[in-house]
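Q: In case you want the letters, here they are:
Number of protein chains: 2
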Amino acid sequence: MKLNAHIASLPAGYLFAEIGKRVKAYQTAHPDADLIRLGIGDVTRPIAPSVARVFADTALKMGTPEGFHGYAPDYGYNFLIDAIIRADYAPRGVSLKPEEVFISDGAKPDVGNLQELFGADARIAVTDPVYPVYVDSNAMAGRLGSFDGGRWSGLCYLPCTAENGFIPPLPPEHVDVIYLCYPNNPTGTVLTKDQLKVFVDWALKEDALIVYDAAYKAFITEKDIPQSIYEVPGAEKCCIECCSFSKTAGFTGVRCGYMIIPTSVTGTVGNERVSLNRLWQRRMSTKSNGVSYPVQCAAAQVFAPDGHREVMESISYYLNNASVIRTGLEKAGCRCFGGVNSPYVWMQTPDGMKSWDFFDLLLDKAHVVGTPGEGFGPSGEGYFRLTAFNTLEKTKEAVERVTGVL
Amino acid sequence: MKLNAHIASLPAGYLFAEIGKRVKAYQTAHPDADLIRLGIGDVTRPIAPSVARVFADTALKMGTPEGFHGYAPDYGYNFLIDAIIRADYAPRGVSLKPEEVFISDGAKPDVGNLQELFGADARIAVTDPVYPVYVDSNAMAGRLGSFDGGRWSGLCYLPCTAENGFIPPLPPEHVDVIYLCYPNNPTGTVLTKDQLKVFVDWALKEDALIVYDAAYKAFITEKDIPQSIYEVPGAEKCCIECCSFSKTAGFTGVRCGYMIIPTSVTGTVGNERVSLNRLWQRRMSTKSNGVSYPVQCAAAQVFAPDGHREVMESISYYLNNASVIRTGLEKAGCRCFGGVNSPYVWMQTPDGMKSWDFFDLLLDKAHVVGTPGEGFGPSGEGYFRLTAFNTLEKTKEAVERVTGVL
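Top line first, the protein sequences correspond to chains B and Z. Under the numbering used here, read the first sequence as residues 24 to 429, first letter to last. Under the numbering used here, read the second sequence as residues 24 to 429, first letter to last.
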């Protein structure tokens, strides 16, 4: 029985699984430690009241002949697709056709599964540090070569550090796919429309695809920061965009996301141009059975006036936490990035400390769980991610504890 | 931008998409035709009242600080895993550890994604006719060679027809994976424990994996038919089992399933033995974010006494429909299979008519939508699938209409 060597030989565990293990071991050894988690990107505030009501109402009606719904359309219900186009894209001057929007159970599955459309020898570029799913999902498909000294031999890394202001350089050679995530996970930094245009222009010239992860777009507060890559002219020919209700509306435990694949995005199979939209349709109709009806109704309510207002209250709450973290750490002399258009604050570790050492230090001395930058890639070494998803009280206390041990 | 040639070159559409297209075209041309659908395997009865109540209660509580749940555990909540082990396996003498059960958003995604664990050159066998997902998901990964004359050059077909009583022969040569689905989709037939043991013994001897799809197990009425492959000794060393709440509890529009991967199932990577359970953990933690909390609560309620009683009422209703179909067609002189331990009746087409011709005939003359056997594989030619998931009234009328045009 021959197995996939690429999955079997993946290095270490998935970052958050490794953190979970270390935290569990610490808790077992110190059962009285009152840990505060500013690590994993899970939200803590309940979903919006009106959204929960719609979710519950439609769930209850699934038990009645009138309200029952069987298999959802493979690519999502039109009522949700239309709401996304109308509320999320039209106001920014982005025009989409319904068949260009695919509803899913989240951006992580989407972004993990999307690489199935790429050729086995497609060359991949990622910003570094990076959300691990882009890398691991391609590694599992055997596209990245071997892992040695913390780097994949076949992966093109685009370093983002304080030195270049977290603006990734263009790939130094041809790649087939570039993953960009803005507002960025893990650094919390953003790119302006002009900075994104450099990538779109390059992708058009090089016949490359940009996978644009906009999962955190609801946190954008600054005016000239685009919420969608399609605000950049030409992006409709070379970009796929992933979005999620997880961070926008606290849906981490509800599960709903969506992916935009314009019909004008094409790639090559031999000498032919092939539509990625068509390939994804085929992939989804073969391997998915759509998303729960009550979940899609709840997601649509996020765009209703009351739902939107409630949802934005939570976003503001988290953004205030981010500000508390950044301000507090900066006062203590730390160098911090992000936290303005993002729930993530990316701090430099004190005295160039290794990020896993800083993780262990904070866990042990401050009882605060963060995420070591090295877990996001080689250029994450020397940095540490703190997230704004805890309560204001716990966030304030965590900042005090962290600054206390610096 | 290099794309996956195997997806791009997949023949025709996914079976049910093709049926949908033909039906839509017919409806457009004949807007007054009152179609009855005995085609796609979607259920029609609402989910059980107590299950809907739990679903709605937990959904509503997601809007409160006390009831909110963020990311679910990657592999499912323990309360649901425990309920599955206790209610679904222990009574049949099958003992499972919690880490051997993986909760998902359905058996179709599970069975479509599972092949990611197999080596690129793993050789695959399927019973023929077959549920298309096993074939298409492996074809997309490039494991099946080329499609020519209705057959994949690299796929091992195990023909199941009236001639061999729908008992598949063993593969004539080594294969790495055999997909078995019992009660079978599309034929509605079953295998006894002794018949399954032949496959388990062969898999153990050949170091092959059996992927056992038990999505229809709730429909088993005969005593000596196993509900789980693990009732067969040795299966815990070579079998993975996929199950779903879709057909058991009408969850096609709710989305919940589960997969059993015993820790003792291993395969090879080079000269090493590797645990499939561990590979699947890695796959799931990288590409999935778990299943909605209210959905998992609803699924657990299926095993509660009231939930179970309600759910079995719907199963009985569908089984009665299946009996109506089979009895009615047999009275009219048709040769039928299945429909006793299954919601599917597999009929031979009259006078050896081609199955897509019979599809068009029934659509045009009887306004009944069924599924042409050829869509399930070469040995499905000359057969036709009718499903028991419509109402009793519509089912009766459909049988009358069908027998009227024979």
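Calculated from the structure, these hints are not laboratory results. Any given hint might turn out to be false.
To be verified - Result set (BS3-like, lysine-lysine): computed pairs, CA atoms no more than 25 Å apart in a straight line: (1) Z:K417 to B:K84; (2) Z:K417 to B:K228; (3) Z:K84 to B:K84; (4) B:K44 to Z:K417.
As the list claims (entries may be wrong) - Under 10 Å between C-beta atoms, here's a sample of chain Z residues computed to sit facing chain B: (5) I30; (6) P69; (7) R76; (8) P88; (9) G168; (10) F170; (11) G313.
Unchecked claim - Quick look at which bits of chain B chain Z covers, simulated, 3 or more residues with Cβ under 8 Å: (12) 158-166; (13) 247-258; (14) 288-295; (15) 298-308; (16) 313-325; (17) 391-404.
No experiment lies behind these values; they were computed from the predicted model shown. Glycine residues also receive a C-beta, built at the ideal position from the N, C-alpha and C atoms.
Q: All hints are to be evaluated individually against the structure, with a verdict given for each.
A: Hints, verified against the model:
1. Z:K417 to B:K84: holds, 23 Å
2. Z:K417 to B:K228: Given that 25 Å is the threshold and the Cα spacing comes to 58 Å, the pair is violated.
3. Z:K84 to B:K84: holds, 17 Å
4. B:K44 to Z:K417: violated, 55 Å
5. I30: Holds. Min distance 5 Å.
6. P69: P69 of chain Z check passes; min Cβ-Cβ to chain B is 4 Å, inside 10 Å.
7. R76: Holds: closest Cβ of chain B sits about 7 Å from R76 of chain Z, inside 10 Å.
8. P88: holds, 6 Å
9. G168: At 16 Å from the nearest chain B Cβ, G168 of chain Z fails the 10 Å test, so the hint is violated.
10. F170: Given a least distance of 14 Å, the restraint on F170 of chain Z is violated.
11. G313: holds, 8 Å
12. 158-166: holds (count 4)
13. 247-258: With 0 residues close enough to chain Z, the hint is violated.
14. 288-295: holds (count 6)
15. 298-308: holds (count 5)
16. 313-325: Coverage by chain Z holds for the segment 313-325 of chain B (7 residues, Cβ < 8 Å).
17. 391-404: Violated, because only 0 residues of the segment 391-404 of chain B bring their Cβ atoms closer than 8 Å to Cβ atoms of chain Z.
Of the hints listed earlier, those the structure fails to meet are numbers 2, 4, 9, 10, 13 and 17, in rising order.
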